[in-house]
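Going down the list, the protein sequences come from chains A and B. Numbering that gives the first Met the number 0 applies: residue 0 is where the first sequence begins, and numbers increase by one. Numbering that gives the first Met the number 0 applies: residue 0 is where the second sequence begins, and numbers increase by one.
FYI, nobody ran anything at the bench for these hints, they're computed from the structure. Each hint should be verified, as a subset may be incorrect.
[As the list claims (entries may be wrong)] DEER-style ranges, computed between Cβ atoms:
#1 B:R37 to A:R339: 41 to 47 angstroms
#2 A:F397 to B:D31: 51 to 57 angstroms
#3 B:A213 to A:N354: 47 to 53 angstroms
#4 B:E225 to A:E335: 53 to 59 angstroms
#5 A:A371 to B:R350: 23 to 29 angstroms
#6 B:Q294 to A:M356: 40 to 46 angstroms
#7 A:E399 to B:D31: 34 to 40 angstroms
#8 A:R367 to B:R37: 48 to 54 angstroms
#9 A:Y254 to B:E232: 43 to 49 angstroms
#10 B:E108 to A:S269: 33 to 39 angstroms
#11 A:G22 to B:D31: 36 to 42 angstroms
We treat Cβ as the ideally placed atom computed from N, Cα and C, and that holds for glycine.
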Amino acid sequence: MSVKNDAKVMELNTPLLDQLESGGWPSFVTDLKAYSKKRPQVGQLLNQLNESYENRWNYWIGTVLNVPGYGGGVIARLSQKADKYPDLAQFHTVRVIEPPGWVYSTKNLRQLADISEKHGAGILQLHGMSGDVLLLGFNNDQSMSVAEELMENGWDIGGSGGALRTLQCCVGQARCEMACYDTMRVTKHLTDTFIHYLHRPEFVYKFKFKLSGCPNDCANAMMRSDMPIMGTWRGEMQIDQAKVREFIKAKGRAYVIDNVLTRCPTKCISLKDDDTIAVEHQDCVRCMHCINVMHKALKPGKDKGVTICMGGKRTLKIGDTISTVIVPFMKLETDEDLDRLTEFVEKVWEFWNDNGMDHERIGEFIARVGLATFLDGIGIEPDARMVVRPRSSPYIKFEELAPGRIGGEQTKMPPVWNKEPETTEAAAR
Amino acid sequence: MSETKLAPRDQGAPDYKVNLHPVMLKNYGKWDYHERVRPGVLVHVAENGDKIWTIRAGSPRTLSADKVREICAVADKYCKGFLRFTTRANVEFLVDNEAAIQPLIAEVEGKLKFPVGGTGPSVSNVAHTQGWMHCNLPGSDAAGSVKALLDELIDDFKNERLPNRVHISSSCCQINCSSHADISVIVQHHHPPRINHGNMQICELPKVVAICPAAAIRPAVVNGHESVEVVKEKCMYCGACHGQCPSMEIRDAETDTLSIWVGGKTSNARTPPTLMKLAVWGLPNNPPRWPEVGQAVRTILEAYKKGGKPYERVGEWIERIGWQRFFEVTGFPFTRYHIDDSPEALSTFNRSTMVRI
Ligand code: HEM
Ligand code: SF4
Ligand code: SF4
Ligand code: SF4
Numbered sequence: 000m001s002v003k004n005d006a007k008v009m010e011l012n013t014p015l016l017d018q019l020e021s022g023g024w025p026s027f028v029t030d031l032k033a034y035s036k037k038r039p040q041v042g043q044l045l046n047q048l049n050e051s052y053e054n055r056w057n058y059w060i061g062t063v064l065n066v067p068g069y070g071g072g073v074i075a076r077l078s079q080k081a082d083k084y085p086d087l088a089q090f091h092t093v094r095v096i097e098p099p100g101w102v103y104s105t106k107n108l109r110q111l112a113d114i115s116e117k118h119g120a121g122i123l124q125l126h127g128m129s130g131d132v133l134l135l136g137f138n139n140d141q142s143m144s145v146a147e148e149l150m151e152n153g154w155d156i157g158g159s160g161g162a163l164r165t166l167q168c169c170v171g172q173a174r175c176e177m178a179c180y181d182t183m184r185v186t187k188h189l190t191d192t193f194i195h196y197l198h199r200p201e202f203v204y205k206f207k208f209k210l211s212g213c214p215n216d217c218a219n220a221m222m223r224s225d226m227p228i229m230g231t232w233r234g235e236m237q238i239d240q241a242k243v244r245e246f247i248k249a250k251g252r253a254y255v256i257d258n259v260l261t262r263c264p265t266k267c268i269s270l271k272d273d274d275t276i277a278v279e280h281q282d283c284v285r286c287m288h289c290i291n292v293m294h295k296a297l298k299p300g301k302d303k304g305v306t307i308c309m310g311g312k313r314t315l316k317i318g319d320t321i322s323t324v325i326v327p328f329m330k331l332e333t334d335e336d337l338d339r340l341t342e343f344v345e346k347v348w349e350f351w352n353d354n355g356m357d358h359e360r361i362g363e364f365i366a367r368v369g370l371a372t373f374l375d376g377i378g379i380e381p382d383a384r385m386v387v388r389p390r391s392s393p394y395i396k397f398e399e400l401a402p403g404r405i406g407g408e409q410t411k412m413p414p415v416w417n418k419e420p421e422t423t424e425a426a427a428r
Numbered sequence: 000m001s002e003t004k005l006a007p008r009d010q011g012a013p014d015y016k017v018n019l020h021p022v023m024l025k026n027y028g029k030w031d032y033h034e035r036v037r038p039g040v041l042v043h044v045a046e047n048g049d050k051i052w053t054i055r056a057g058s059p060r061t062l063s064a065d066k067v068r069e070i071c072a073v074a075d076k077y078c079k080g081f082l083r084f085t086t087r088a089n090v091e092f093l094v095d096n097e098a099a100i101q102p103l104i105a106e107v108e109g110k111l112k113f114p115v116g117g118t119g120p121s122v123s124n125v126a127h128t129q130g131w132m133h134c135n136l137p138g139s140d141a142a143g144s145v146k147a148l149l150d151e152l153i154d155d156f157k158n159e160r161l162p163n164r165v166h167i168s169s170s171c172c173q174i175n176c177s178s179h180a181d182i183s184v185i186v187q188h189h190h191p192p193r194i195n196h197g198n199m200q201i202c203e204l205p206k207v208v209a210i211c212p213a214a215a216i217r218p219a220v221v222n223g224h225e226s227v228e229v230v231k232e233k234c235m236y237c238g239a240c241h242g243q244c245p246s247m248e249i250r251d252a253e254t255d256t257l258s259i260w261v262g263g264k265t266s267n268a269r270t271p272p273t274l275m276k277l278a279v280w281g282l283p284n285n286p287p288r289w290p291e292v293g294q295a296v297r298t299i300l301e302a303y304k305k306g307g308k309p310y311e312r313v314g315e316w317i318e319r320i321g322w323q324r325f326f327e328v329t330g331f332p333f334t335r336y337h338i339d340d341s342p343e344a345l346s347t348f349n350r351s352t353m354v355r356i
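Full structure from sequences and hints, please.
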């Protein structure tokens, strides 16, 4: 594919940025200054950035640009200083879906570097907060040509806008003994299954999945995604008492008491006189702490699965939210499990998009309609594990025995008030 | 116009298997345990005894194509051509041969000039956003302020000498990207947006009215044109409207400041995930090196290093010693702005007589 990629060479004028070349941490300024010899638009970028430093002011305006057939993935920027820096007139970022877990062969990583250099400024960010590979510095034409060449080579463009966003996951089973499910496989499965929604903004607002193999949450899912899928287990954790003894021998009893027993949130571990431990498994909330500390002796249980939460996001609009439990446990191993997950997600999206307001993230939607109504809408029964404690406010709007609402009929009768024995009709079914 | 052939669409996520180090592929799902060999170096041991060493190095995240090639050259030489990146933008070099560790570290530190560290109880790389380099909304820079901050904290990246890991994030606007962290730097504004009425017709008015968390924006006719007005008493200077509409300019080079928040965590270990809380506000937005921010973060880190017990994250340490002590040991003033006035506020008050006197 032919591509025009010549930029005006300009003297670097970066006295303030130059002060970021000293110090122990690697400097992007040093790197980009050297690289500007190859791609002069990078020199213009640095010069503009230096003006930002001087005036504490930003010179980028956002705009919209799409690759044919796609409704997102290009973060389009126009410089307000285009007169001075002509090659920043259009200077867009292209989001590229990363390999799940951010693993690369050098062959593939080099290819990203080569393609981004060929078509644009040759700046890569590994990786964006959203998980994607970010390639910076393409004008309108280059954005199209870089996207085509990426896609010809099997890469795909990431999400933006009111759409499913690029997923991100922890390293999981590829290199972690804690992983309770295959995060990379599920990330690829969800991305591929829902790729239409990732590329075409059809939702009321953005939707992010992030996947962590265990409650340690190395993928930052609980805070930063609308639907964290968190590995966990059912039943007893695995305990190797011989290795417990070894650990205690090496570290001492006081260490185990201070750093394991008293740090357990439900105080469900006890130390026995023979230097073994006992765990009251029904009280373990799978926080991972004891396993993290004594990871040779303790392991997640064998019956593994996931807890699905919903509603995490940053401040806009109602304030920061943390995800909340929606599905306390489900298995996520077989193809049927994956199908069940897919169906569940579709149901959630349908209810949210039919009833959500413009720019309403799912956490805000749940806060507005109430968790109970949300559960009704997605067909899930209330479960005490979804709350820290039941309500303490007596302002309850009972559906039962209340006068029929306008436009609706009174249908449900509460079992406690229903003095009649169960009807034979129900019993016969 | 020449006919362009469209490449295949909707291909999805790349195959991860072809991108995995052979030892990781072979032992996928069969890892037994890991150990921290030294700061920045982990060894994961598989059930069959296979080992893979991870050498973690801090990267500036924004990389030229040439720098990416240099990174690849190191991975080709020592790692059979495989590497990985972490959630916090560290690079992980993977080796299956213990003898390669020392020369690899020497090359990463000597040639790439990337510090090795970020494992265990250390300060990891700072998660950040675009800032003045490429965002349309920022009140401050990201990569540059983070570079200056990490220069200040680099010894705690290279060593494992803190009570637990410390995640830091930096955000160049108040409301959008970035994440909760043990310590977080956020831009803040000090007055309502200035409205460019002449420009206002370009976008949909209802959207900018609806976006305001304080319901402070209402449609108004200004000079005979449809526009909006901001009820100053209601506005809380958040900048949500600015993200929606470029005609609502919230930033101000003279009055924008930075604030530092503490005690956020996403992991479920010991305590549930927690939001971060305001520690100090009103720090100057001071490029190119933001020394006041670096100093304040260092103050928090030193107090935590001194007072935290093993495994306590910053937030857990503060909850144990109490916020009054936190303000004492850091020397930051506790002010009226530290008292929450959001809908969550009641639950943040001390509704007891439990007071350290
Ligand atoms: C003009 C509109 C916006 C654009 C072009 C935009 C662009 C971006 C970019 C480029 C990133 C990646 C940053 C990086 O890692 O360098 C990002 C991340 C992020 N943005 Fe936006 N953003 C916009 C609006 C918003 C809004 C309105 C919100 C809040 C509701 C938001 C929330 C976030 C969050 C939370 C992240 C971090 C991603 C994560 O943790 O998954 N953004 N955005
Ligand atoms: S989230 Fe759990 S499984 Fe995933 S990398 Fe972290 S510790 Fe391992
Ligand atoms: S995982 Fe957490 S809750 Fe469960 S036993 Fe260990 S420390 Fe206690
Ligand atoms: S700054 Fe925030 S509170 Fe003020 S008008 Fe804009 S959106 Fe509303």
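Going down the list of hints, with the structure as the test:
1. B:R37 to A:R339: 41 to 47 angstroms: Because 44 angstroms falls inside the window, the suggested range holds.
2. A:F397 to B:D31: 51 to 57 angstroms: holds (54 angstroms)
3. B:A213 to A:N354: 47 to 53 angstroms: Cβ of B:A213 to Cβ of A:N354: about 24 angstroms, so the range 47 to 53 angstroms is violated.
4. B:E225 to A:E335: 53 to 59 angstroms: holds (55 angstroms)
5. A:A371 to B:R350: 23 to 29 angstroms: holds (26 angstroms)
6. B:Q294 to A:M356: 40 to 46 angstroms: holds (43 angstroms)
7. A:E399 to B:D31: 34 to 40 angstroms: 54 angstroms Cβ-Cβ, so the 34 to 40 angstroms window is violated.
8. A:R367 to B:R37: 48 to 54 angstroms: Given a distance of about 51 angstroms, which is inside 48 to 54 angstroms, the answer is holds.
9. A:Y254 to B:E232: 43 to 49 angstroms: violated (56 angstroms)
10. B:E108 to A:S269: 33 to 39 angstroms: violated (46 angstroms)
11. A:G22 to B:D31: 36 to 42 angstroms: This hint holds: roughly 40 angstroms between Cβ atoms.
Consistency with the previously given hints fails for numbers 3, 7, 9, 10, ordered from lowest to highest.
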